[in-house]
Amino acid sequence: MIPVPPAIQRIPWKLIAILCGITGFGLLVLYSAAGGNWSPWAWQQGVRFLVFLGGALVLARLPLRIFEDFSYLAYIGVLILLFAVELLGFVGGGSQRWLNLGFMNLQPSELMKVTIVVALARFYAQLPPASTRSFTALWPALVMIGLPAALVMLQPDLGTALSICIGGVIVMFVAGLPLWWFGSTAIAGIAALPILFSFLHDYQKRRVLIFLDPESDPLGSGYHISQSKIAIGSGGIGGKGFLNGSQSHLDYLPEGHTDFIFATMAEEWGLIGGLALLFGFFLLLRWSTRVALKARTRFGQLTAAGLTMTIFFYIAINLMMVMGLAPVVGIPLPLFSYGGSSMLTIMTCVGIILAIENDSKTGTRRFH
Amino acid sequence: MFNKKQPPITEAWRGLTFTRRALVVGGAQAAVGVALAARMTYISVIDNDRYVLESESNRVNLTLIPPRRGWIVDRNGKALANNRVSLRIDIIPDRLHNREMVLGRLRTLLRLDGDTMERINRDLKAASGFQPVAIKEDMTEAEYSAILVRLPELPGVAPQRGFARNYPTGAAVGHLIGYVGAPNAEEYEKAKDPLYITPGYKIGKDGLEKYFQEMLKGKPGARRVEVTARGKVVRDLDTQPDVQGKTVHLTIDADLQEYVARRMGRESGAAVVIDCRNGDILAFVSMPSFDPNSFSDGISNSEYAWLRADDHQPLINKATRGLYPPGSTLKPMAAIAAIEHGVDPGERHTCIGGYRLGRRFFRCLGTHGSIDMPTAIEKSCNSYFYWLAHRLGYDAMAPTARLLGLGEEFQLAGSNQRYGTIPDSAWKLRKYDQQWTASDSLNAVIGQGYVSVNPLQLAVMTARIASGRRLYPRLVNRQFPNEPLPFSAEALAVARAGMDRVVNGAGTAVRSRLPLDGITMAGKTGTAQVRGLASGSRGQSGAWKYRDHGLFVGFAPVDNPRYATGIVIEHGMGGSRAAAPVARDFMTFLFDRDKGMEALDTLEAGWGGTITERMERDYAAWKMGASSDPDPGVPE
Chain F
1 MIPVPPAIQR IPWKLIAILC GITGFGLLVL YSAAGGNWSP WAWQQGVRFL VFLGGALVLA
61 RLPLRIFEDF SYLAYIGVLI LLFAVELLGF VGGGSQRWLN LGFMNLQPSE LMKVTIVVAL
121 ARFYAQLPPA STRSFTALWP ALVMIGLPAA LVMLQPDLGT ALSICIGGVI VMFVAGLPLW
181 WFGSTAIAGI AALPILFSFL HDYQKRRVLI FLDPESDPLG SGYHISQSKI AIGSGGIGGK
241 GFLNGSQSHL DYLPEGHTDF IFATMAEEWG LIGGLALLFG FFLLLRWSTR VALKARTRFG
301 QLTAAGLTMT IFFYIAINLM MVMGLAPVVG IPLPLFSYGG SSMLTIMTCV GIILAIENDS
361 KTGTRRFH
Chain H
1001 MFNKKQPPIT EAWRGLTFTR RALVVGGAQA AVGVALAARM TYISVIDNDR YVLESESNRV
1061 NLTLIPPRRG WIVDRNGKAL ANNRVSLRID IIPDRLHNRE MVLGRLRTLL RLDGDTMERI
1121 NRDLKAASGF QPVAIKEDMT EAEYSAILVR LPELPGVAPQ RGFARNYPTG AAVGHLIGYV
1181 GAPNAEEYEK AKDPLYITPG YKIGKDGLEK YFQEMLKGKP GARRVEVTAR GKVVRDLDTQ
1241 PDVQGKTVHL TIDADLQEYV ARRMGRESGA AVVIDCRNGD ILAFVSMPSF DPNSFSDGIS
1301 NSEYAWLRAD DHQPLINKAT RGLYPPGSTL KPMAAIAAIE HGVDPGERHT CIGGYRLGRR
1361 FFRCLGTHGS IDMPTAIEKS CNSYFYWLAH RLGYDAMAPT ARLLGLGEEF QLAGSNQRYG
1421 TIPDSAWKLR KYDQQWTASD SLNAVIGQGY VSVNPLQLAV MTARIASGRR LYPRLVNRQF
1481 PNEPLPFSAE ALAVARAGMD RVVNGAGTAV RSRLPLDGIT MAGKTGTAQV RGLASGSRGQ
1541 SGAWKYRDHG LFVGFAPVDN PRYATGIVIE HGMGGSRAAA PVARDFMTFL FDRDKGMEAL
1601 DTLEAGWGGT ITERMERDYA AWKMGASSDP DPGVPE
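From first to last, the protein sequence lines are chains F and H.
Each residue of the first sequence is one higher than the one before, starting from 1 at the first, in the working numbering.
Each residue of the second sequence is one higher than the one before, starting from 1001 at the first, in the working numbering.
In case anyone wonders, no lab produced these hints; they're calculated from the structure.
No residue lacks a Cβ here, since even glycine has one placed at the ideal position from N, Cα and C.
Errors might be hidden in some of the hints.
Across the chosen pairs, the derived CB separations fall in these ranges [claimed, not checked]:
#1 H:Gly1104 / F:Gly238: 51 to 57 angstroms
#2 H:Pro1155 / F:Asn244: 54 to 60 angstroms
#3 H:Glu1011 / F:Leu193: 35 to 41 angstroms
#4 H:Val1052 / F:Lys205: 32 to 38 angstroms
#5 F:Asn244 / H:Gly1077: 17 to 23 angstroms
#6 H:Glu1153 / F:Leu28: 39 to 45 angstroms
#7 H:Tyr1188 / F:Phe199: 45 to 51 angstroms
#8 F:Leu73 / H:Glu1011: 22 to 28 angstroms
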């Protein structure tokens, strides 16, 4: 038996296989969506994935301590960037989200999805256990979530704001805050829904209304949802076959390579492809949930649980949207949709969770 | 659940809570995952059929190919309306990239005028995707090939070989056949048929074309193409050919129809010819007419204005819509009525140049002396019939008139009739709330006063007298009982004998005797006043529109009637002068075509050419500012 060198052993091969499986499948779909071409999407997406995967593996080598130490600093930095977007950012696709850094367009709200989780995890890790049910456990967290969420809502970007809130709330939940806080907030939230609705922009309101009754506007904004459902539904069990999707190739499906890539895939690969992809995501989330449960530190536990939720939220909202269960909010499908920002976020999450896993393998179990 | 008991919060408790809650979150995530899988299964398995259909209807676009219209043919299968190849070009808006350039080139190549360009631009704005917009129809071969060779430089232009309606005899069948035209907005709203907005598709707008629309229209073909969401055609899938509409067989004799139409010359009037054996309408002519070809290709405003301005009213079908006092043509009918009411046809009455009724004296055209009934018909003696009418009253005659088809509206394909009046005392009481007087009877018996009929009724009356049966006129092969009339053989024989002598004895139409051996025509002339006698003139001169109408009814051969006719020449001044010669010529044509054509050619040379030639010249003159000749020459 040839001894496997420890350096090789330390590389998380199983995780890399899962990530490559999902992304590789995505590359095939991008290849098809471009009419059987590697350009303009597939090869670029592939290169980007390799770069980000390398980045995630480097991130995984860093001691967990560093994330904990820099968490507040990162949070404040990203918050400043969000302010900067509000002041300097340019408008794209109807909302103001991007900062032009010269070499790339940065979307700070994407970074916030990660930093909010890490910062809150640190806050609760440092909180004395006895204060868990006190008001001091609540208000700083609410401010930390509320500020960036409000800034992102101003852009306006409902999907990302929701994602930030969910990530933060889940950290608060697993940190052990009293259940009745969540229950009463949920009830109050439902009661306040009509008021919140009135704060939405017109196009957002329309999307919500059309989501509730897509047939009311089959050629307008409801077009996205109807065409997506047609693509998924006409795929059937086995799909129309690779490169044979008429909905995507004849341009009936809008955004067939980004937000609605799942519909493009389902049309050609059918229910089998859809279930395979769901299984891939299940494996990814199961891995990160296990990391959370086995984490050595409280910071690790909370961070892993929060980041798992962040990844999950992407997947769930995107799939609900393409299947007509949620309004059209611009959230891509992680690793699958063409685009750098979401992949950067997901790979950062994966890198940090890997770091937590490495930390729990090396050190002894220790609670703060 | 913990806020009541408040157990001490330790790190161990916190770790336990974390594990529990993380598992709850994980479980919730798994539940959402299962729900998503279920949702996808539902969409792609249970709703699969529906979405496959929707995906196909997205992908495949149907372009309709307008069907070829069914022919309308005469009794011998000769076409009265058929289709000719029509070269046309359309623009497919979606493939039109450089609109200004292409339209500019087309404008120069096809010499399109400003109105046309405006219409094209309007249509292009309203059109969507690949719904073609018509640029020009009925192009010449030269224009078509000029476009064809430049096609690579004209993206978006689609040349097509289609079909257009064609009426070989033109104006001769205008009122009979009607015409076709592109459906208008209301017709599309009513039919909701996408075919109605396909360029090149025409529906029947008038006459038989409209009446037989369902039979003639056929089934459209279809071209299935795969298109993108923006309507770009990716490839052709398949093409289903159109099914031509059914042929409509008429009872019309196309040659006779054309002959009669031409023989009407420059006159305004109508003539109907009926087969005495079965009621078939052989000719159904109203002149002047319009060219249905012009209407079917979309008539120009100026041509339409020209037709409307003509005082001979080419747009009105006088054969069924024209009502005229029948004049003396009703005298054979009156004779039958009298015999049926017991008058002896041999009984003599003395004509003293009129008939005295009380203090009024009703004039006759001559002083005929002592005459019997057949002679009274032959000479068209008013006095004799005044005497009959005074003796019997018109109430005795009106039922006979109605039995012969006067005042009746016939169930006739595609015609819109005005059926006129056969008056009697009840009618007058109802209409004017006045009692019928003896002078009303006297006026009615010579076909004046309240009596009015249309030319079709005159022809039917004649056919019924000639055949002795109640023939029902028909344009298509429909079955009617055509039962014998309840008149004595003697009554019919007297009427026929009188009519025979009108032409072949010493009657009013002896100049219209048929120039044939062994075949004779019987008839009765009529001259109907347009203005009352009080105006002083007898309507034989003066302005055209105040002249008397000339009428003639007749049948031939006398011994075995085959053809019956009713003719009205508006303001022709007299039946024997204007109407009877027309009957003579087409009856001659029916039995001897060469002889008939010979007569017509001579006449047309005098009138200035065929119908088409004359219409073209008149139209050109009208466009130049001169009005068409208001005073047509009188034949002979």
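To see whether the hints hold, each was checked on the structure:
1. H:Gly1104 / F:Gly238: 51 to 57 angstroms: 53 angstroms, holds
2. H:Pro1155 / F:Asn244: 54 to 60 angstroms: 29 angstroms, violated
3. H:Glu1011 / F:Leu193: 35 to 41 angstroms: Taking Cβ atoms as reference, H:Glu1011 and F:Leu193 lie about 38 angstroms apart, which means the hint holds.
4. H:Val1052 / F:Lys205: 32 to 38 angstroms: 33 angstroms, holds
5. F:Asn244 / H:Gly1077: 17 to 23 angstroms: Roughly 54 angstroms apart at Cβ, these two residues miss the hinted range, so it is violated.
6. H:Glu1153 / F:Leu28: 39 to 45 angstroms: With a Cβ separation near 42 angstroms, H:Glu1153 and F:Leu28 satisfy 39 to 45 angstroms, so the hint holds.
7. H:Tyr1188 / F:Phe199: 45 to 51 angstroms: Check passed, 47 angstroms falls within 45 to 51 angstroms.
8. F:Leu73 / H:Glu1011: 22 to 28 angstroms: 27 angstroms, holds
The structure fails to meet hints 2, 5 from the earlier list, while all remaining hints are met.
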